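Here the structure of chain A is known, so what remains is to put chain B in place on it, guided by the hints.
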Amino acid sequence: MMKKMLRFTIAETSDLVFEGLAAVIGKIGAEYRISRVKEIHQLVNQVVAERPDVLVVNMAFIGMDSPSGLRTRLNRSELILVGLVTELRDMQHMQGFDETISLFDESRQIEEKISRLTPREAGAGDSEKSLSQREKEIVSYVVKGFTNTQIAEKLCLSKHTVITHRRNIATKLQVHSSAGLTIYAIMNKLVKLEEVKGKGGLSA
Amino acid sequence: MNTKMKYAENDKMSALVCQNYYMLFVLSRFGIPMGFGESSIGEVCRRNGIDTRTFLAVVNMNLNGETGSKEIEKVLIPEEIVRYLHNSHEYFLDYRLPSIRTRLLDAISDKDQHDVAVAVMRFYDDYVAEVKKHMQYEEQTVFPYIRALVQGKAGKDYHISIFRKQHNQIESQLTELRDILLKYYTGKTGHDFNAVLFDIFTCAEDLRQHNALEDVLLVPLIERLEK
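Chains as they are written, first to last, in this note's numbering: chain A, 1 to 204; chain B, 1 to 227.
In short, the hints are calculated from the structure, not lab data. These numbers were taken from a predicted model, which means no experiment stands behind them. Check before you lean on any hint, since a few could be wrong.
Below, in silico cross-link-like pairs of lysine-lysine (DSS-like), each with a Cα-Cα straight-line distance of 25 Å or less [claimed, not checked]:
#	chain 1	residue 1	chain 2	residue 2
1	A	K189	B	K188
2	B	K183	A	K136
3	A	K159	A	K144
Computed footprint of chain A on chain B, listed as stretches where at least three residues anywhere in the stretch have a Cβ under 8 Å from a Cβ of chain A [stated by the list, open to error]:
#	stretch
4	111-120
5	172-182
6	208-219
Note that beta-carbon positions come from the ideal geometry of N, C-alpha and C, so glycine has one too.
Okay, chain A solo, but in the shape it has when bound:
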């Protein structure tokens, strides 16, 4: 199974803790890239610039900020936020993190926790598969400009099912816009050019 490379940013002032955690992450074997934020005022900027998949942040590091407040400020809803607990008393503030790692965890536990975070990319394993017949039908309706409700009626499905199909299509193809789907559909002869919305020819 092909796994996508995961980018970690670790916000931690202690060299020892940072190096230790980086070593444990490195042992997991999949592809990782780790960067570090040493100073609190660089946190937001660095996350914006580096776009990590996972941000590991020491509770003491963010101080008064709550995980949800931090998430809002970072403005990245898909970011996996991991709290790092170096003092036992911080345990009570861990709500709002996707996972917490403690200084007292064994490295095997940390490995498990981190591996468990990756299923967010779970689609990756199926992504090689081509679309099912039903999914192809839905793609062709989407690019012809039908709404989810209209597609549901045409195919006698619930709107909810159509939305689930669309999400699966986006995950399988890694194409998220309907303009992108249009190109895919034409390349794969699911629709003809005249059937899709849009204008503009091949003017140079």
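Coordinates of chain B only, in the frame set by chain A:
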């Protein structure tokens, strides 16, 4: 591409480019001509009327993702950053994106794949229109505001936080087109196709850096100025 090194005024300009040839794009937007011989970064900047600290801030941010530390912010001149960003807008809209368009059109004009070519070009043209809108907003609203702010003449109805909140990832659609061509294109491909695909890769990365510069260097700088 990434040597994790911070460049300083006394480093040779030629060394910077040889070690990081992607910096050619940055140089071109600063309007720095080649032929710098053994001159240092500082000398080349002064010769061309460019603020060295702005140049170094842009370069180091591009290379290291190095960002608005307080020391860097203190020495930056907002108008100089704006000047660079403005040049970058012209560069993307008047040169880079049109040049990719011409070559993309050439590369996919396969007679058997006419419909695909039309769909791809529509996507591309819509994308460029979006980029134009995005950059025009900055040119017409954000930059004039910054210039007024520096002169102490800014009105009360605009703040850089408005920009920060709505500033979207400008390169994501181009990345999507790149991936579609890469994974699903079924027409004939050859040297031209791969060359333009390569250009799309570098242009998307360049646009991402351009956006990051606005988010990471410009916004904090202006926020500080507003206080």
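Status of each hint after checking the structure:
1. In summary, the hint linking A:K189 to B:K188 is supported, as the alpha carbons are separated by about 16 Å, within the 25 Å threshold.
2. Between B:K183 and A:K136 the alpha-carbon distance is near 17 Å, which keeps this suggested pair within the 25 Å criterion.
3. Using a Cα cut-off of 25 Å, the hinted pair A:K159 and A:K144 holds, with the two alpha carbons roughly 17 Å apart.
4. With 7 residues having a Cβ less than 8 Å from any Cβ of chain A, the stretch 111-120 of chain B passes the three-residue criterion, so the hint holds.
5. Under the rule that three or more residues need a Cβ within less than 8 Å of chain A, the assignment of the stretch 172-182 of chain B holds, with 5 such residues.
6. Judged by the Cβ-Cβ criterion of 8 Å, the stretch 208-219 of chain B is covered by chain A as claimed, because 3 of its residues qualify and three suffice.
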